[in-house]
Structures are given as C-alpha cells and as structure tokens.
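Asks: The lines below spell out each chain.
Protein chains: 4
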Amino acid sequence: MTKKLRVGVLGAGRIGKIHVENLCHSVPNVEVVSIADVAVDATREWAKQFGITSVTADPLEVINNPDVEAVLICSPTDTHADYIIAAAKAGKDIFCEKPIANDLEKTKAALKAVAEAGVKLQLGFNRRFDRNFRRIRELVQTGQLGDVHIVKITSRDPAPPPIEYVKVSGGIFMDMTIHDFDMARYLTGSDVEEVYAKGAILVDPQIGEAGDFDTAVITLKFADGSIGVIDNSRKAAYGYDQRVEVFGSKGSAAAFNEKPTNVEVSTEDGVCTDKPLYFFLERYMGSFAQELQDFVTAVLEDKEPPVTGKDGLEALYIAIAATQSAKTGRPVQVSEVR
Amino acid sequence: MTKKLRVGVLGAGRIGKIHVENLCHSVPNVEVVSIADVAVDATREWAKQFGITSVTADPLEVINNPDVEAVLICSPTDTHADYIIAAAKAGKDIFCEKPIANDLEKTKAALKAVAEAGVKLQLGFNRRFDRNFRRIRELVQTGQLGDVHIVKITSRDPAPPPIEYVKVSGGIFMDMTIHDFDMARYLTGSDVEEVYAKGAILVDPQIGEAGDFDTAVITLKFADGSIGVIDNSRKAAYGYDQRVEVFGSKGSAAAFNEKPTNVEVSTEDGVCTDKPLYFFLERYMGSFAQELQDFVTAVLEDKEPPVTGKDGLEALYIAIAATQSAKTGRPVQVSEVR
Amino acid sequence: MTKKLRVGVLGAGRIGKIHVENLCHSVPNVEVVSIADVAVDATREWAKQFGITSVTADPLEVINNPDVEAVLICSPTDTHADYIIAAAKAGKDIFCEKPIANDLEKTKAALKAVAEAGVKLQLGFNRRFDRNFRRIRELVQTGQLGDVHIVKITSRDPAPPPIEYVKVSGGIFMDMTIHDFDMARYLTGSDVEEVYAKGAILVDPQIGEAGDFDTAVITLKFADGSIGVIDNSRKAAYGYDQRVEVFGSKGSAAAFNEKPTNVEVSTEDGVCTDKPLYFFLERYMGSFAQELQDFVTAVLEDKEPPVTGKDGLEALYIAIAATQSAKTGRPVQVSEVR
Amino acid sequence: MTKKLRVGVLGAGRIGKIHVENLCHSVPNVEVVSIADVAVDATREWAKQFGITSVTADPLEVINNPDVEAVLICSPTDTHADYIIAAAKAGKDIFCEKPIANDLEKTKAALKAVAEAGVKLQLGFNRRFDRNFRRIRELVQTGQLGDVHIVKITSRDPAPPPIEYVKVSGGIFMDMTIHDFDMARYLTGSDVEEVYAKGAILVDPQIGEAGDFDTAVITLKFADGSIGVIDNSRKAAYGYDQRVEVFGSKGSAAAFNEKPTNVEVSTEDGVCTDKPLYFFLERYMGSFAQELQDFVTAVLEDKEPPVTGKDGLEALYIAIAATQSAKTGRPVQVSEVR
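Chains as they are written, first to last, in the numbering used here: chain A, 1 to 338; chain B, 1 to 338; chain C, 1 to 338; chain D, 1 to 338.
I should point out that these hints are in silico values taken from the structure, not numbers from a laboratory. One or more hints might be untrue.
Note that the list lumps identical chains together, so a pair holds whenever it fits in one copy or between two copies.
[What the hints assert, rightly or not] Calculated pairs, EDC-like style, for lysine to aspartate or glutamate (alpha carbon to alpha carbon, straight line, at most 16 Å):
no., residue 1, residue 2
1, Lys4, Asp67
2, Lys310, Glu31
3, Lys48, Glu31
4, Lys259, Glu314
5, Lys327, Asp204
6, Lys17, Glu336
7, Lys3, Glu69
8, Lys108, Asp78
9, Lys235, Asp147
10, Lys98, Glu31
11, Lys17, Asp191
12, Lys235, Glu268
Construct the entire structure; sequences and hints are all you get.
Replies: Below, the structure is given as structure tokens:
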C-alpha cells in the first residue's frame, strides 16, 4: 500500500485546518494537493508550512482538479450538500463534516448523487473513532456484554455557543444531540424506532427566546427492543462531559471523561483530580486523526467507509423526530419521519 | 435525652428482624417491648437473645399494649394501612415499611387517620439514610451544586424476584422504581409533575406474561423545571447497581456503588476490583439503622419525621403515573393521578 | 455454639470502652461480667447502659473473679505484662492490647507464663482484621499473586501525639511502625530477617529534641528473600493514610484508604472526593469488632487465636532492630536482637 | 521565532527513528538535515518518507556538516561520550540519549568538552516530560504540597531484557533505576546525599548469575532532609508500572499508570479496567516529542536546556552509590563517589 491518496480540501476554518494538519503529520499515504477557502491569502500563508502551494477561492476548482482524487468538505453546513453533489458528479470520493444538511430533501439529494456516481462518502462523526467508545463497541460486537438492554449517553458542553449561532443551528437536537444519536446507533448496532425528547431552558433564557432548549433528556427505543437515554446540557461548570455506558445481559461497560493528567492531589481541602478536558478539539484530538486515516484506507483499499451516508441520514431522522417530540410533548416514531 | 422510647414491632420477617436487631444494638434510647408475628414460637425463641419476652400472634395486642409508645409495622404490605389506622387510633407513633398501600384509597385513609390522631408517621424509604445519597442531598441543599438541572438514578437489581411475587407486586414501578421516585424527590427537594415511562421485557419473558416489565427508563419533569431520568433492570449480572448523579448549574455530584473491599488486583488478565455488594440488605445496612435512629429521635424530641406520609403518597402518585405512561405510551401528568 | 463466654475487662479508657461496646452490641456469644478501672464511679455510671453492674478499681478482683473466663487487657502498656502473668496464673484466656511490653524481658516473661498455664493469648493487632488487608492476605495465601516480591505499606497519622506521649512512647518504631511490622508479617506470611530504618525530623523539631523521629522509611528483608518497605509520617495534612500493596510474580494487589462517602463532586474547582477517614477509631471500627469476635470464637471453639504471643514478640524484635538501625545508620539483622 | 533549527541525527535505531518522526511531524521549527547510521541503505529507504536525502555511515560527516546546527546522539551508549566531544569541538548543540557513559571518567571528559565549547547539552531523561510527573513537579515548585517529606517512585518493567543485554547493561541501578534517580531529583528539586539499595533475585536466577539484581528497593536521603524510596522489578505481570507520589507538609500528590482506554467493564467476574500500557514507547510517547520540542526551543531561544549535563552526572553518581550499597550491604554517601 505505497500509493498516496491525493486530497483536496474545501474550507480551511477551524476544523479544516485540523484536518489538514492531521493529513500532513499523522495520516500515512495521503497528500494534500489543493485547498479552497474564501480567505485565500491567509490560507496560502498558513499552508506554506505543509508545502501546500495550490490555494484557491473557488471550491469547484479543487473539486474538478484532475490531480484531486478525494475531497474533504469542511465548509459551512449549508454548502455541504451542493459540494457533495458536485464532487460525486466529478467522480471524487468524499469525506464530509456532519451533517450533510439540516433538511431531509437536500440530504437525500446528496446521497442520491453519491449512489449514482458510485463514489465513497464518509461522514465526520468523529466520536466513533474515540478509543474508549470504540472499545465499548467492540465489547458489544464480540458479545462480551450479552444482549444490549440499556444504553446511556451523557453529553454536556462546557459552555453554550453564541446566541446568534443558536438561532441558525437547527436546534439542540440537530446541532448537538445528533452526535449522541449517532453514538447510540454505533454502540448498539441497532436502529432507533421511537424517540421521546424532554427539553428545558435552564442555562440561558435567551436560548429559550430563540426557540431552542439548553437542557434535554431523550429516551430512545431501538429496533432490537433495548432502550437508550441521552442527557444533554449546553453548560457543565466543570467542562466537557462525555461519557457512555452500555448495560447488557452479561454485564456493563462504561467510558469516562479524559483529563489533562491523572494526578490526584490530597490536601486538607479534599482529594482532587483534574477537570475533564474542556474543549472538544482536545477531547477528541485522537479521533479526528483516526477518522481520516480510516477514510484514506477505505478509499485506497476500496472498502466501505466506517461512517456512511445512511448513518448521516438515520441520525438526521432521529434528530427531526426528537425535535418534533420535544415540541409536541409526545413520543415520535422515526417511521413518521422517514 | 435519657428517656427511652418503648416500641412494639408488628411482623418479625426478614426486615422486621433487622429492625429489632438494630433497635437492640445500634439505636440508643429505645426499648423493644413486644413483638407480634404469626410464627409465635419461632419468634419467641429468636427474641430471647435480645431479652424480649413479650411475643404474641395478635398485632392488636401490641398496638393496644399501654406499655408501647410507638409501633413498627413490618408486616405484609396489604396489612400496612389497617395497622396504621389502628395504631393512629390508639395514639401511637408509627414507623411503617413502604408502601402504605398499593392503592390510593387505602393510602389516603391511613394518612387521614394519622392526621386526625396527630401521631407521627415515618415511612421506610431507607435509601434516604444512605451516607452517600445523604451527602448529595446536602450538596444540593447548601447550594454547592447551584440550581438542579438533571438528576440521574441508576437502580438495578441483581436478580428478579420469583415470578409469583412479580404477579402480586403491583408492577416494577410500584414495587421497585418507587424507591427511585422517592430518591428523586429527596435529592432535588422538588415534586414531580410529569412522568414518561418506557418499559421493556428483556430479562425474562415470564415477567412480560405476568403483565409487567423487567427493564425501564423513566423520564421525570420536576416542578422546578429540572429533568430526571431513572433506569431500572431486574437483573444486573455484576450485582446490585445503585448510583445517583445530580447535575446543577455549579457542578455535578455522583454517588457510586459500595463494594465488599476496595482492593485492586492487577494481573495478566486486567486490573480488577470487587463487584458491588450483591444484596440490598448488605448495601443498605447502615441506612436501616440510621432511619430508626432518626425515627426514635423525632418521636422523643417531638420533631417531624424525616420521611412523612406525604412522601409516601407522592411516590405512589408517581408510580401510578409511570404505570399508566408505560401502558399508554404517552407522558402522564401527576396531576391526572392526584 | 450457644455457650456464652464470660469476659472481664481491665481498663475502660478509650479503647476499653470501644471493646465493651463491641462486646455488648456486635459480638455474639459473649457477656461482659466485670470491669476494672481506676475511675470507678464514672465507669460504673457509663457501664449501666450495657447492664454491667460489677465495676471495681482492682484489676486482680476481675482476674480472679470465678465468673470470669477470659480477660481483656486495655490498661496502660506498662501494666500489660503483669496482668498477662496474673491472668495466665489464674487460668484465664487473654486478649491484650498491643504491645505486651516495650522491652524484651517483660515480653518474654509474659509469654512464658502464658505457655506454662496453657491459656490462650490474642494480641490487639486490629489491622489484621480490616476487610481490605484481609483480602490481600487471602490473595497471597491462595497463590493468586504468585510468589511475593515486594510489599509496600504506607502508614501516616493525621497528627502527632502530644509531646509528653512521644517522650514515653518508646519511639516511632515501637509505638507506630510496630503495627506496620505486624502487617508486613501478616500479609506475606514470612518473618523479617533484616531491617534498615531511615528516620527524619520534618514535622516537629520537638519530636527530635525528645530523641525520636516523625518521618521514616524502613526497608525489610524477609526470610523468603522478598523485600518490604514502609513509609511513616506523624502528620498527613489530609488525614489518616493507610494503604498497602503486595507485588508478586503473578501480579499486584493494593488496598486504599477508606472514606466517609464515595461521592465525587465536579465543579469549576476540580473533581474532588472526601478525604480519608481522619481518626483511627473510625478507620478501623470494623476491625475492632472483628478481632473480638475472632477471639471469642477461638476460645469457645478451642482454636489458636489469629494473633499470637509470637506475633507480638516478632513485631517487637523488628521494632527494636529498626530503632537500632535508625540510630546507628546501618542495616540490623533481626537475629542480632532475637 | 520563525527560524528553523537544522539538526543531524546519529543512529537511526529504535529510539533514533522515533526522534526523527517526532522532529518531522510533531516539533515545529526544526529540520532534519542528515542522518548517520551503519545500515545506510535501509536508513536511506526509510528516510525518504520524510524527504530526508542525506544519509551516511559516518557520524563525523554529520557532526561536521556545516549545514547541521545541532546533533542528536542516538547511537549505542559506548559511543555517546566520543560523539559529544566531537560535536562540542565542532560547536554544535547536543541532544544525547542517556546515559553519557557508564563510567565517571568518560562522563566528566564529555562534560568538560561541552563546557569548554560553550555549546548546549540536553540529556534524554524523557520521563521528566511526561504530563503527569511534570504536573507533580509543578505542585512541588509552587509550594502547593508544602515542604517535601517523602518521595515514592514505583518503576517496574513488563519483562526483563535479554540476558545478554543484562550482562553489559552496567546493572539494574545503572540501566533501569537511573531514570528513577533522575525522577527523584526532578520531582524534589533536591540532590541526593545518601543511598541504601537492597537488591534481590526473584524474577530470573540467570540475572543473578550475571551478577545483577532483578528486584530492588532503594532508600534515598536528600540534601533537604527528606527521604525517598524507589521500588524496581524487572517483571510486572500486568505491564509497565510507572507511578510516583510526593508527600509534603501540606499534602500529597500521586501520578498513576496510563492505560489504553479508560473503559470499566462490570460482569459476573468483577469490575475490570485495562492493564497499564505495556511498552515504554507507548507509555512515554508524548514525553519523547516534548523533550525534543523543549530542546529545539532552548537552542533557538538560547536558554538552558531542561535536562543538563549535571543532571546526567548526578544520576550517575547515585547509580554508582546504589550499586556499591547493594554489593556491600551498607548505606553509601554520594560524596564518597563524587
């Protein structure tokens, strides 16, 4: 496997930059050929350190660059579907940040283009690549926990996003819980049939005025009969809280927060350890590198990517059902949305 | 406070015996004067070790014994309400195992008798007296966690009860989750307004045939706007799993399982510790002694008992609402039941 | 085993009172018949709650009381040997607080009297009865850790004793480390051959002026070739620190501190748990009850007590060797002292 | 700070390769200009992936290459001193793997050459750069633990090296414990005055036949009066065991093992987590990158490197003293060796 995959990157914002760094430093068998970003000059200056000289303002130039075999879509959400369609038509394999789109129509159109072109599409549900969660998935798949009965996911942000972002985010279930919906499907290997979402506004009344919730508990009924529960908050005083637990007929497995150090300090004031890693980029740093490595391998070895377009669609269905449930106050069948 | 409270005990089964032992060995300022149990001879023989000589088959004899100032009701559930009424009429203070009754009418009749007689009534929600849960309640009450946003309770039994018991138990929400409903109210200090219960039959199909669930996730909406979630299973392969977490605006507090020892063993096979204490009597041994000590103190010092009749009634309301919710598949307002 | 052992108690100070309470409340098949203490009136008043009416100032009255089958010696250290000899001559079985004496001659004389009288003697090395340490001993004895290679004992007090006590204590190795020397022998099941003790005065210069150390690290060479290390401090800011670790060819086992609760609090300030139990009576409460129960059982069933006179003697040898080592700055063979 | 440091590497064995990878991927402001290794062809092939084309069999060619500003010495131990001297004479800054040499004469000669040339020398005591140990050092330096009283280091390998290596290793204290001696100095910021080392042969008799120990406990007396203790084993069944604890007048801080995941699995068999990371390269991966980053920064900003030649010399003194102590059975003053 000495061939290198030649990649073009659309969007060099926060997450795009991280992907480029990982591709250049941590992922073997890949080469970043070209980058598109509106801030051409700044991007060109930044890209120099990686020896990347092809920088343009026009995404289509990257997509249609004959030297580019695969495209990373890291641009704003509302452009994802269009770029997926353009890249698919150009016959390029695609890695796209989640979500494909916040509405079903655009999502389905993108997936249709991918299917018709026969290209690969991997979605950026990076948490699947976290070593702890991956280990729990393995325990489930190898039967060491028996049949799954209950899945619990705790997912709390350290601080709410700016209120302007909240207003266009699609709501907490589309923006934040969608990661947890995907995690629930990933851990159990089962689809979700029913959603009951209970939202509350306890962190910031402005979030409520924007028509959204900042605190939520969501109950999931899986196709295999098991039950899931997710709890979300936009603000945990102690940092980014990301834990999961799978309880099955043979036992239970739990993953805990990661911390800057494991040092325990005992003084007159108590016995204390570090707070969880505060920022999602620190917390999931390893998973961002791993997802790209798996994407490159899937393309080079012609295998199915580990997160498919269907995974994106299913998570979107659940998020839409959750949004409806929280607004109507009743459980919603995912089949109502599908 | 050198006065001793003279107590009569109705029912010397498993829990009754534990209460008598605690009263004789671990609780100061109390004397067990008389015991009623259908198995008179065996009880008399057993009671000798404590120097208790008055043993009878007739509960009313104990209730009306002029030497008895307070009564402990440890007899089968269907007798609780009647004995409460009889004891109240006799002017005796009352400690009664939970629940007062599985139906509202009898429960209300018993509480009415207690109120009319002006006697004290404490209910046996022993988990409130567990040192770990009590500590979390203190953290909530002293404001160290800020406003409560989310409460999580994990409550899993090591093994399901006999199927014959399941049939007459009133169902998992009345029999098992009722402890967790009380815990939710205890930890938050807030009443429950709405219940959504999702049940499943994953442990034993016989439980389903008996019209009950063996696995459940229950979402609670509290009067103060916060959200609670309880997960239950009738069978955890690793033992009795009893954990709680309160998440508030200033932080989070979690209580974990208690274990036989804290020894950690590292070998080629992994790094392992003991399983949780398997049996509820071991797990909550300290809480059984503490609840009686607090009852005796409340009576001798003429203070309100730490678990009141209202607490029993509220937990029952929630359990009835949960049962209705699981059966109808919709959230149920507790006010529909009240 | 319905027979009750009739016990007399010499000394009703702090530890004597605890033993009486345990005998009356937590230990089956035993009866406290009589107590001797210089503070006769206060003791008589205190003993009433247990229904004990025979209280005297004269220890010999208790020892020679024909109703007394076994004697608990809880009086000051310098009286232990004499009372052991008197009790042995009177044919009474004996539980004696550690140490028998701080010098070898008196210790040997006491053991000789016990041997000649053929009575039982159990020493109050209570830590052997702690559930955590006992578990580690079981892991060693059942071979689950393989051959023992290294034993580590951390033993730190929350605060130094009064300087007047330090002056008559026999020094840190005789007074404090002696418990750890016994623990080392208990965990490994092996005798100590060589001791190297390094002492320092870091907590309080007055302790140094009194000719003692307040901080120490002691290396032990066992007869089976394994190595032990103990670290001591008279003052740990966070409370009573009592941990052990046994490392063997198949793995390692460690016991940690016990805490008031297991609650973990996460806030902006960190993730904190309780400090260790501060006071040795709280920390070892369970072990005090267990050692008496095992003593009573050993006498009633005519078995060897779990801590023998030889155990006391061996610990004393090691303590003497450690004292010499710390003063001379060289390793000392226990055979030099024996 | 946009200047890049141009580095030459001597020796591209296991550790040399890791350093090159880190320099190319994880350390900013550095460029690997040339590599010397006896296996020229294989090294040239391997180096291609980093775009390094200058590969030679002759270390002096790298040292004297005018394009090379600093040299990394990753060749066998017995060449370190000579290459240090050559590099110093050539005016190059130096990063050298530990130790400089196993004897004092060569070590001192190398340090003399460095001093005379006025170049920088950093030694590869990589553990100082581990995030956990670094945190404890910070706690000591900022006074949060008060005065240091006791330092404890546990350092156990997962498996002994080949017996042929043992024979030329200089012995356990020179080969393995030397890292812990440096850690002791690093954590406390104090020099060691006295060493008492107790060795044993419990893992493999062949190690004893080679004149070495495989198990050891070492007591250190520091210049500030505090005491240290290190325990070593060549074989821990559960993997690489690397923990430290610093106990001071205000409290204690402990660092624990790192594990592949933090997942906890609860089944009928117990509650288990992963074993520690088995291999030192996994365990200390982060520290290898960090030490080079700090070296590059020290050179580019003309600051003193974080591990100096004196640090290497002091660790060697202690190791020699420990070797003498274990052989003679008495404590050895480091001043006897200096």
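Asks: Work down the list of hints and note, for each, if the structure agrees.
Replies: Now the hints, each set against the structure:
1. Lys4 with Asp67: within (12 Å within a copy, 31 Å between copies)
2. Lys310 with Glu31: Answer is neither; intra-copy 28 Å and inter-copy 44 Å both fail.
3. Lys48 with Glu31: both (14 Å within a copy, 15 Å between copies)
4. Lys259 with Glu314: neither (32 Å within a copy, 34 Å between copies)
5. Lys327 with Asp204: neither (18 Å within a copy, 35 Å between copies)
6. Lys17 with Glu336: neither (39 Å within a copy, 55 Å between copies)
7. Lys3 with Glu69: within (12 Å within a copy, 34 Å between copies)
8. Lys108 with Asp78: This pair counts as within: shortest intra-copy Cα distance 14 Å, inter-copy 59 Å.
9. Lys235 with Asp147: Between copies only: 12 Å across, 34 Å inside.
10. Lys98 with Glu31: Neither: 23 Å inside a copy, 36 Å across copies.
11. Lys17 with Asp191: Neither, since 33 Å and 46 Å both go past 16 Å.
12. Lys235 with Glu268: Classified as between: cross-chain Cα gap 12 Å, same-chain 29 Å, threshold 16 Å.
Comparing the model with each earlier hint shows violations of hints 2, 4, 5, 6, 10, 11; every other hint is respected.
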